[in-house]
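Enquirer: Sequence:
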Amino acid sequence: MLKKVTVVMSNWACETGQWSTGTCVSTPGSTFIQPIQLKIYAVSGADPTVPGGLLAKRTKKFKIKFRPSTDATNCPGSPTAWYSTGDKRCHNGLAQKITFKFGSLNLKLPKKVVYGVVYNTSGYGPHPYGYSTACATDPVTGCPYDALNVGAAAGVPNRGHDLYPDGVFLDSATGSVHCDNGMGGTGTFRLDDGCRTGYNPLVRFVAKK
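Per this note's numbering, the sequence shown runs over residues 2 to 210.
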């Protein structure tokens, strides 16, 4: 039975200023609230490049931490980055885990599934917030959700198998972000394979007996 799913998010947003301009300033521990949804689908037997039926979904409002302030002193070679005292390295994004609980559903998953992480930004998502909101019209900082990403890294799963290590299931209205430049369609949640080596989403499924 599925107990929970944990997703690593990488947030590049600052409390004030922007990471890309080196003007990022964030109060330690400061957060913003972001609703995020996780959907789990069966694998389609007829066409594995599109998901099958929806098995479960969970939506939750998470407190997302702003990335720390720019640290030009400790990161002279990367003037947009912040410095981590933990791994002694400079980073632009701040990795953090969010967890969706599924235990109450008593859901037994099949051996193969497709999952999707869904949230709205100014211009994307099922219900975009639009570009006329207070944060979207702020020329200095912008909206924090526009700099929020699903965390990814190179490698293979510690357990289980990634059937498409060079691809992900993606829904984008912009053809150029697809490996096939949108030739297979845009605005549809489908397999985008062949150009994403080293960008495997960091997601963990935990089952209970």
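There may be inaccurate statements among the hints.
As the list claims (entries may be wrong) - Distance windows between CB atoms, simulated:
1. A174 x T100: 23 to 31 Å
2. P111 x A73: 31 to 39 Å
3. N107 x N75: 45 to 53 Å
4. D48 x N182: 14 to 22 Å
5. V178 x T60: 49 to 57 Å
6. G156 x M184: 23 to 31 Å
7. G186 x G30: 39 to 47 Å
I should point out that these hints are in silico values taken from the structure, not numbers from a laboratory.
Quick reminder that beta carbons are idealized off the backbone N, C-alpha and C, glycines included.
Enquirer: Next, verify each hint and record whether it holds.
Expert: Status of each hint after checking the structure:
no.: 1; hint: A174 x T100: 23 to 31 Å; in the structure: 29 Å, holds
no.: 2; hint: P111 x A73: 31 to 39 Å; in the structure: 50 Å, violated
no.: 3; hint: N107 x N75: 45 to 53 Å; in the structure: 49 Å, holds
no.: 4; hint: D48 x N182: 14 to 22 Å; in the structure: 20 Å, holds
no.: 5; hint: V178 x T60: 49 to 57 Å; in the structure: 24 Å, violated
no.: 6; hint: G156 x M184: 23 to 31 Å; in the structure: 29 Å, holds
no.: 7; hint: G186 x G30: 39 to 47 Å; in the structure: 42 Å, holds
Hint violations for this structure: numbers 2 and 5, all remaining hints satisfied.
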